Every structure is written in C-alpha cells, then in structure tokens.
Amino acid sequence: MHRHFVSTNISERANQARRVLARNPVSAVALLFIPALTALAVLAPWIAPFDPDATDLDHVLQGPAGLHWFGTDQVGRDVFSRVLVAARLDLAIAVSAVLLSFVIGTVIGGAAAFYGGLPDRLIGRLTDVLMTFPLFVVAMAMVAALGNSIQSIVLASAVVNLPFFVRLARSEISVLRSQQFVEAARAGGNSEWQILFDFMIPNALPTLTVQVSTGLGWAVLNAASLSFIGLGIRPPTAEWGIMVAEGAANILSGFWWLAIFPATALTLTVLSFNLLGDGLRDVIDVRTRR
Amino acid sequence: MTRNSEIWRFILRRLLGTLPLLFGVGVFTFVLVRVLPGDPAAYYATGPMATHEEIAQVRTTLGLDRPLPEQLARYFKDISVGDLGRSLVTGQRVSSDLRERFPASFELTFVAMLLALTLSIPLGIAAAVRAGSWIDHLIRFVGTLGVSMPAFVAGVVFIFIFYFTLGLTPEPIDRIDPFMIKPPAVTGLLLIDCLLAGDIPAFLSSLARLFLPALTMAIIVIAPLMRMTRASMIAVLSSDFIRTARAAGMGWWKVYVSYGLRNALLPVLTTIGLVVSSQLGANVVVEKVFAWPGVGSYALNSLLASDYAPVQGYVLLMACVYVVINTAVDILYALVDPRVRIN
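The listed protein sequences derive, respectively, from chains A and B.
For what it's worth, the numbering used here labels the leading residue of the first sequence as 188, then goes sequentially.
For what it's worth, the numbering used here labels the leading residue of the second sequence as 475, then goes sequentially.
Mixed in with the good hints, there may be bad ones.
[To be verified] Some chain B residues judged to face chain A by a derived CB distance under 7 Å, without partners named:
#, residue
1, T618
2, V630
3, S751
4, L754
5, G755
6, V759
7, L774
Just so you know, the hints here were simulated from the structure itself, not pulled from any lab data.
Note that this is a predicted model, so its numbers are computed, not measured.
Quick reminder that beta carbons are idealized off the backbone N, C-alpha and C, glycines included.
Sequences are here, hints too, so could you generate the full structure?
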C-alpha cells in the first residue's frame, strides 16, 4: 500500500537526519540519552541498589560516597534508587498524558480542519486563546478539583498539552486538504472518514512527532511542578518534584545532594526532549510552518 | 476617518473581543468550585457542629438551592461588582486580600521581565550577527537549557549557589529584611515606596531580596525572547537597507542597533505578550520557593487549605491580567507599526 504520498522517501530523510546530527551534535547526545533513560526507568525496580522506600535511621543525610552514590536523605533512604524509580513514574505520567492529548488533539484538530465551517473557526479561535493562557493555573485548579491522584496529574498534563496538538493537526490537515493525492483518493472511491484517517493523518504524523517530543518534555516539567507545590502525588512516593521540594528544606543546612540529583535528572530529561524536538524539526524541516 | 479615531475603534473592538474569554473563565471558575470537594454551605455554616437546619438555611442565603443558570447569573453579578466572596483562612474579603498582595507579584513579574529583556535582546543580537558560529550555538544551547529547567529547580539551585555557597544574596524569605521598617505603603510596590520615602537602605534590602526570585522567573522566558530576537534580526540584517548602511561605512551601533534592532523589535513585542502568561503560571511556583507574599502563594496556600473562594478569585485575576497585557501588546503593535492594518 502506498499511502504516504507526500512524505519524501526514507533514504532521503535518513540522509537529512545524518546531516542534521553531524551539524548538531547536541541533538545526537539527546537522541542517545532518551533511550538510555527509558531503559533505566523501565528496569528501575530491578537495578536500583536499594529499596527506594526503605528507611535506615543509622545512615541519615550521608553525602554521596561508596554504597550510596547520590547519598541518603533525612530518613536514610538511598537517593540514587529514588531518583531511578522516580524516572519511571515521571516518564509514565508524561507518556500517558502526551498519548491522550496526541490522540484527542489530532482527532479534534484534524476533523475540524477537514470539515471546516463554523466549528473549525471556533476551535481555531479557542486553541489560539488557550495556547497563550496561563495553563499552569488551569492545571493547578484541575488537580485540586479532581483530587490528589496520579490520574488527575495525567489529565491535567494532557489538558495543558491539548491545544498545541489541536492547533498543529488543524494546520497540517488544512494544508493537506488541497493536495492532489487527496483528490485522487476521493476519486478512487474512499469514504471521507478513510481519507482523513488513512491518507491525511498519516501524512501529518512526522510534524506531529516533533510536538510529541516537545510535549513529553513539557508534561514531565508540568507534573513535577504540580507535585513540587504539593498537588497530585504525595510523599513518600519517589517523584522528582517531591524530592526537590523535600531536598530544598535541607539545602540550607548544606545537604545539597537531596535536591540537586533529582533536579539534575529532571532538567536533563526535559532538556533532552526539547533538544530532540529541535533536532526532529530540523530533519522534517517544519521550521517555517511553525 | 482619521488615524486617531481608527485607533480608538480598534481598541474598543479588541476589548469587546476579549469578553468571550472572560465569560469562559467565569464559567470555568463557577464549575470549578462546584466540582471541588466539599459542600460550600457546610463550610459557611457555623462549623463542623452545624445542624442540618443551619446548613439548609445557609444554602438558602447563599442561593445554592436555586437552579444552576440562576446561580451562574448571580455569580456573574457578584464578580462584576468585584465581590469575590470571603477567604476562610484569612477571614478577609478575597478582593481586599488580592489587592493587598497583587503589588508584590506585579513587582516581581515586572522586574523579571525587565531582567529577561536586558539579557535576551543583546544575546539574541549577538547570535544573529554571528549566526552559525559557536557563539550562536552556545547561546541557543544555554537558552534551551533555561527553558528546560523547571522554575522551582532554577530557584533551588540559585538559592544554593548565591545564598548558601557564595553568601551574595540575603535569606530567600519575604520582600525585605524583617528587622527593617517597611516604608509607608503608597503604591504597594516596595521598591518605589522605599524611594518615595527616601529610605535608601530599605530600597537596597528589598532590591537584594527581589534579585533571586526575579532571576528565576526571567530564566524561563529568556529562551523564547532570545530566539525571536535572533530570528527577527537575521531577517532584518539580510535586507537591503542594512547592506546600504554597511556599505556607507556606518558604525556597528548604528547598523545593528539603530537600524537593525529597531526594525526587528516588533515580533519580539508579540513574544512578550505570549511569554508573560508562562510567567503568570510560574508565579505560584517561584513565590512558593522564595516565600514571596504575592497572589500566587496566597492562592496556593488557600488551595492546600481547601479554601476555594481565593482560588476562584485568583484564576479570575490571572485571566484579567492576561487580557489586559495581550490587549496592550496588540494596541502597542498597532501604534508602533503604521503598516499594521487596523481593519
């Protein structure tokens, strides 16, 4: 089946990717970091040297050394194991949130642009407003309303990302609408629904991938910020935002490792997703359309 | 029609255009408080010992037994006259609580924006002038790093470096040294009040306490501002009049700043409107890290204490600030650039 009519062929794109990575080694590092991080997150329960929740009151607030690579916290838990296990939770939240907003946003934005008319204009106007609205305030209010659970953090992070996917899908589909292969598909007797889902959305996917990468970074940042201010996930769960919040209380006594290690893990993760997004954007070359 | 009356009509139309947004936010906050856990009538009744009759009576006085559309209409009537209800934690009217704390948040956000602009515009120009060089790459990488660092991480790291390790900044709590006498509140903006009172030590103390939170809040918006300055400068620098100015042997200040920057600033202006809203969101986090007595920390403390009227008031206030800033940016844009077609 040859459905991907407008995308350039694979080897050409691979060449482009090689050129971009050679010119931009930082993106290449990000490209390596993310699979490594994902592997660590998935394997965390098996490779963590200590039980992340086990307290050890004989060894509290010990600096990074020997057995405890990242030191221990105020109740003697191993900071390294907690940072590892937290990666699992934070990435799981980000992936589910972005998956939700990707699917819902693509369907809403794609259908709006495909059918046009008043609903399309209204949705366009609404996303324009929402995109620039202080969305973190909305996320905060949502978590408060939905209660402190992982589900409400996922939902809030999905809502924060949603307008970006709607807008991108909408602009992509409205460009594709006037392409000849769509006319051809219609002439070939495909239903409207098939044209949208089998022909147009697959061709919009490369561009949407860029947004997935940036969105993952943003979802991690959003989820960690919410739990940092005390909403959503509660202590003693190992989560980067909570760990930084707990560590911040100890940093003024000189116990820097409690906050700095989870903070670094968090920043590196968001940074990698952003750099990967930038790199992908160069490969797919949608810079001008953004 | 003269240009002047055209501009007034434009302003009026822009303001009318924001009404649907404000209406939407009003409905959102209305629904929010009804979804939030807890029965408002039980809260407003005398306490946990209130009888069913008392609660029912409070429900009648608050109008909670009326149909929802009527409650919504009543809610809009209340907020249109500035009645946002009462905070259970402070016992004050939410509107007066917000008014008291807003200057602290405003001062912080405004200084942060100034700081961000003074850092991002020169960096953006440098990246554009040396586009493709290692300076360009370095500046862009640092910008991405800044945007990837959550505000609370930046805040905690800055406290660790500047306060704990280097001892350069004062204790990261509150707006002024607790042993100093606050100047009489005229504007509520501490820096200006200190100057009005002629109290230089108090001014320096509050400036020192403002520095780290403002820097933290500046970091998150430097990258978008810098990227826009860079992109816009690159476009301008490739135009004919710059080539002519260079050929005429003019100095770099004249070429890059007088001619280049002035023409490159318009897109940056639009970006300011966009990034202010991410600052409004970050307010809550930064105010928590630095124990800053602004509206963000007020809303957060109320939220954690299940006191929802302040949260509602805060969301409405943020929506209004957002509308005012974006309308102001649009109007400025139309005023600055005569090419912008007002119709």
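Quick rundown of the hints versus the structure:
no.: 1; hint: T618; in the structure: holds (5 Å)
no.: 2; hint: V630; in the structure: holds (5 Å)
no.: 3; hint: S751; in the structure: holds (5 Å)
no.: 4; hint: L754; in the structure: holds (4 Å)
no.: 5; hint: G755; in the structure: holds (3 Å)
no.: 6; hint: V759; in the structure: holds (6 Å)
no.: 7; hint: L774; in the structure: holds (6 Å)
Checked against the numbered hints given earlier, this structure breaks none of them.
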